[in-house]
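Could you build all of it, start to finish, from the sequences and the hints given here?
Just so you know, the protein sequences line up as chains E and V, in that order.
Residues 1 to 112, numbered by the numbering used here, are exactly what the first sequence covers, in order.
Residues 1 to 110, numbered by the numbering used here, are exactly what the second sequence covers, in order.
To be clear, the hints were calculated from the coordinates, so they are not data collected in a lab.
Treat the hints loosely; a few may be bogus.
Stated by the list, open to error - Listed next, the in silico BS3-like pairs over lysine-lysine satisfying Cα-Cα at most 30 Å (straight line): (1) E:LYS57 - V:LYS3; (2) E:LYS95 - V:LYS3; (3) E:LYS57 - V:LYS69.
For clarity, every value in this text was computed on a predicted model and none was experimentally measured.
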Amino acid sequence: EAQVTQNPRYLITVTGKKLTVTCSQNMNHEYMSWYRQDPGLGLRQIYYSMNVEVTDKGDVPEGYKVSRKEKRNFPLILESPSPNQTSLYFCASSKGRGYEQYFGPGTRLTVT
Amino acid sequence: LAKTTQPISMDSYEGQEVNITCSHNNIATNDYITWYQQFPSQGPRFIIQGYKTKVTNEVASLFIPADRKSSTLSLPRVSLSDTAVYYCPGMDTGRRALTFGSGTRLQVQP
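Printed below as a string of structure tokens:
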């Protein structure tokens with residue numbers, strides 16, 4: 001089954017404790033991205049990757065890092081999480097620009 | 001940046017046809033128009049895509065006029081399970097990224 005998986009689905013952590021949210025897709029997609037969703041602000045792109053070792057900033061990259069060492073995986077790293085990063089995070093993948101995006105189930109992160 | 005504009009919310013009743021319109025004022029010549037549906041605490045799900053005129057699938061129809069500056073998502077005979085947020089994202093050509101706004105919150109009443 002074609003899918004995008006994210007782990008963990010829920011995470012409660014404390015300020016400053018490094019964390020990684022994993023994202024994996026099994027569709028051999030080149031394009032992957034991370035979004036955060038906050039009430040009233042819609043979905044905002046954090047980072048994106050057009051292929052292995054090619055990543056770039058989205059609308060709200062501050063406080064986040066990503067890497068793309070393998071085509072299927074695109075982890076999101078918060079090296080020093082802060083309460084304003086409390087949000088619902090989605091990973092997505094697609095064949096490329098203009099193609100249908102497949103979204104993961106989401107990761108609800110709470111930073112206290 | 002191709003930003004889109006759509007109503008914040010709409011209400012309907014079961015069995016009615018719902019039409020949600022989106023304006024695409026800065027759409028690029030080569031870009032397709034896509035619509036997504038999102039249920040609470042789930043990721044958005046692709047519904048339909050078109051370039052111009054009319055496209056229909058098992059879920060919805062999409063109407064795009066010749067100037068492509070707007071699109072209308074048509075949901076025939078909605079049910080309670082169609083209550084969701086519907087997005088018509090624009091395209092940031094530079095980043096090759098979909099830009100989602102806040103979408104249209106559709107509430108279907110019994």
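Violating hint indices (sorted, rising): none
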